[in-house]
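Protein chains: 2
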Amino acid sequence: MPPKHDNEPCDARIPFNVITGGVTAARGFRASAVTCGIKNPEATRLDLALIVSDSPTVTDAVFTTNKVRAACVRVCQQHIKDSDTRAIIANSGNANACTGVQGIQDAKAMTKAVAEQLNVKMRQVLVCSTGIIGMPLPIQRILPKVPDAVAKLDAAGSDDAMRAIMTSDTQPKTFAIEVPCGDGSFRIGGIAKGAGMICPNMATMLCFITTDVKIGKNEMHRAMHYAVEKSFNCITIDGDTSTNDTVIVMSNGASGLPAIKRNSPEFDLFRCALHKVMLELAKMIVCDGERVTKFVEIRVRNARTQADARKVAETVAKSLLVKCSFNGSDPNWGRIIHAVGYSGARIREELIDIFFGGLLACKGGLATKTPISEMEKVVKEPKFTVTIDLNLGTSGYTVYTSDLSEQYVDFNSSEYSAAIHAKRQKGFA
Amino acid sequence: MPPKHDNEPCDARIPFNVITGGVTAARGFRASAVTCGIKNPEATRLDLALIVSDSPTVTDAVFTTNKVRAACVRVCQQHIKDSDTRAIIANSGNANACTGVQGIQDAKAMTKAVAEQLNVKMRQVLVCSTGIIGMPLPIQRILPKVPDAVAKLDAAGSDDAMRAIMTSDTQPKTFAIEVPCGDGSFRIGGIAKGAGMICPNMATMLCFITTDVKIGKNEMHRAMHYAVEKSFNCITIDGDTSTNDTVIVMSNGASGLPAIKRNSPEFDLFRCALHKVMLELAKMIVCDGERVTKFVEIRVRNARTQADARKVAETVAKSLLVKCSFNGSDPNWGRIIHAVGYSGARIREELIDIFFGGLLACKGGLATKTPISEMEKVVKEPKFTVTIDLNLGTSGYTVYTSDLSEQYVDFNSSEYSAAIHAKRQKGFA
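Chains A and B, in that order, give the protein sequences. For the first sequence, position 143 matches number 143 in this note's numbering, and the numbering has no gaps at all. For the second sequence, position 58 matches number 58 in this note's numbering, and the numbering has no gaps at all.
One or more hints might be untrue.
Heads up, the list lumps identical chains together, so a pair's fine if it works in one copy or across two of them.
What the hints assert, rightly or not - Once the Cα atoms are required to be at most 25 Å apart in a straight line, the calculated DSS-like pairs of lysine-lysine come out as: (1) Lys145 to Lys283; (2) Lys363 to Lys108; (3) Lys67 to Lys311; (4) Lys214 to Lys121; (5) Lys145 to Lys108; (6) Lys67 to Lys363; (7) Lys261 to Lys217; (8) Lys283 to Lys121.
Hint data in this document are derived by calculation from the structure and do not stem from the laboratory. In this text, all values refer to a predicted model and were calculated from it rather than measured experimentally.
Pulled out of the complex, with its shape left as it was, chain A reads as follows:
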């Protein structure tokens, strides 16, 4: 019997082709990026991205659950209410968080500048920021560049936009698919930036997805919830959640297909496709976490409830000692079972089986005879799976995580510190 309520990927169920184009892969979207010198007035890197739909959209978004929310998140939460978003403006280099009334004014000024240029309403523009917190946005360097960004809008502008939102990311994060549907096809694509807590200061997971399906507000909301739960909500690098985390999906109906109806086969196809795009971007985020050397899938099986399965998976994925053992390529099931024990889930020690890849390391809570050298081969791989079978019920949950490396700590203490102080002392906002 397959596990109930699992968050397993559903991409096996749908036909799709991987295509290029990222956030402009879907028809009717354009993107661009410009250089404002947000981190540093002399810098030449792209740091302001713009994404625009040429026609009206139905848009939904999910924001950080952190109670300390950046000014841009607060403004977005107001603007998204009407759902008919036309553009997203996003900067890197400053998170516009812990910036008080001034921060709200600055975020609104960014949406106003875009709205004026595009001749849309302010509330049709969403705004995102990522970077250092507690310092005012250098708005006087941003606003004059908005007309340039609008002038540069291009159906091939996705890569520029993606580069403009990167902070400590070392790898591009872009993914798009085309899905055959009825007499035609629809496209979904997106770009994302780094996860977990990224330099400077902490930072943010941002993900912008566009699609040319035609879909109602309620159906979009349901598909969004489904796909986020099974992708971004099941990755963890260091257990922290940022003040700025944002996922936005815009749909403009430009595929020419009929509107997707509730509970139709087309709805199922769309939410699986959306899930596929989000999951691919989420995995890229984990793999590119700060100084990550391993990508590990933690699969919990046969828990009493999905809530229990999730507790176990997340606790194991967040345990420092487990993450250190991954880093050291150590098949250390002792640390795993111990994290299972303090997860708060209902477990019975004497029923727990733990696998590294396909190898049984622990059977009924006791060591097996599997040679350590065999298990080490699994854990030495850059990607592997740990399966924890609780043998108590039928529910499962999967979490994607990484190791914890010395370099992470180094990066987040001394190196970071030196960089940020140099910046503060130079007075760069």
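Position chain B relative to chain A; hints supplied.
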């Protein structure tokens, strides 16, 4: 108005003198240690400790909340029911966890061997273990040494016993006080071993405390609960809880003072004194955490409820990014306020003040003008305080924590891994 329900130390309220003698400082207790070669048959270090009361006791204990519990913990939980414990036997080098039926038999065999030598009942002997998990205890090397341990029992044996329970600890952890009371005095003293998750495999916080007060079972239980809540339950190194954590307090009435009555001034004196001893030992454990370079007190003030204050203190204390910033001597209030935000406590961002030592880094959720160089001086110290004032209510909570160093990760991945594999391959149990 002082904060409600705080877990502040109450030692200022009581008179006491620090004395030597550790777990044998109180009258009528003896201790000893012997070498069994538990980790390694050729090793010469002490690895089996024995603590004995010469007269009947009232004893209470607190055990790990981890649902994966070591065999010795399960046996202790049975034996403690009658409370009249006479002895504690404790080994290092093997945790006797994830060892199934054989583990229970081995733990019982240890209590039986001690009981026979002391001519007491098996259930009057408690048993503790710390070390590697998932391997059977080398019981055949332990049992023959029990008569030696009994023969060596000495009123000056505390240091030997302490050394025998150390694993990756680098510093001795012993503390004792004498408290004037009525016409005489009572003594409380104890020994402890390393905290957080310690090598090998994960390990354990063990703490054995003895006192010569005369106290009933219920009063002892109440004092124990009070003191543990305000000491061991408010330290955190890496957020993990072990399969073997145990705190035991034995009282034998040898002070000659009258029995301590419920709700009397003497009861208050005793529970504050017990708290003092536990807090000192708990602080030693944090300071000697794996590769710790900083000891940090996280004080949360003016939360709506103590539960909220605790959530905030624990979340900040456990945040990897906050711990990394302590390691790098970075006065990074942004990481702190962000952890406050995801703690789950009721907060209002615009009311939050954050201090490093006495310096206001963040006022009402915004940066202050305090020079970073001044705040850096505070955070560069090996011990400092971070105060988070939520300005929402009147409740407080304090947590003691440490930084996270590169060496911690190194120690828990490669070094550890190499050591444990060498051991497994040699077949040492």
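Here is how each hint holds up against the structure:
no., hint, in the structure
1, Lys145 to Lys283, "neither (33 Å within a copy, 54 Å between copies)"
2, Lys363 to Lys108, "between (58 Å within a copy, 24 Å between copies)"
3, Lys67 to Lys311, "both (22 Å within a copy, 13 Å between copies)"
4, Lys214 to Lys121, "within (22 Å within a copy, 78 Å between copies)"
5, Lys145 to Lys108, "within (16 Å within a copy, 76 Å between copies)"
6, Lys67 to Lys363, "between (42 Å within a copy, 17 Å between copies)"
7, Lys261 to Lys217, "within (11 Å within a copy, 68 Å between copies)"
8, Lys283 to Lys121, "neither (35 Å within a copy, 58 Å between copies)"
Violated hints for the displayed structure, listed by number in ascending order: 1 and 8.
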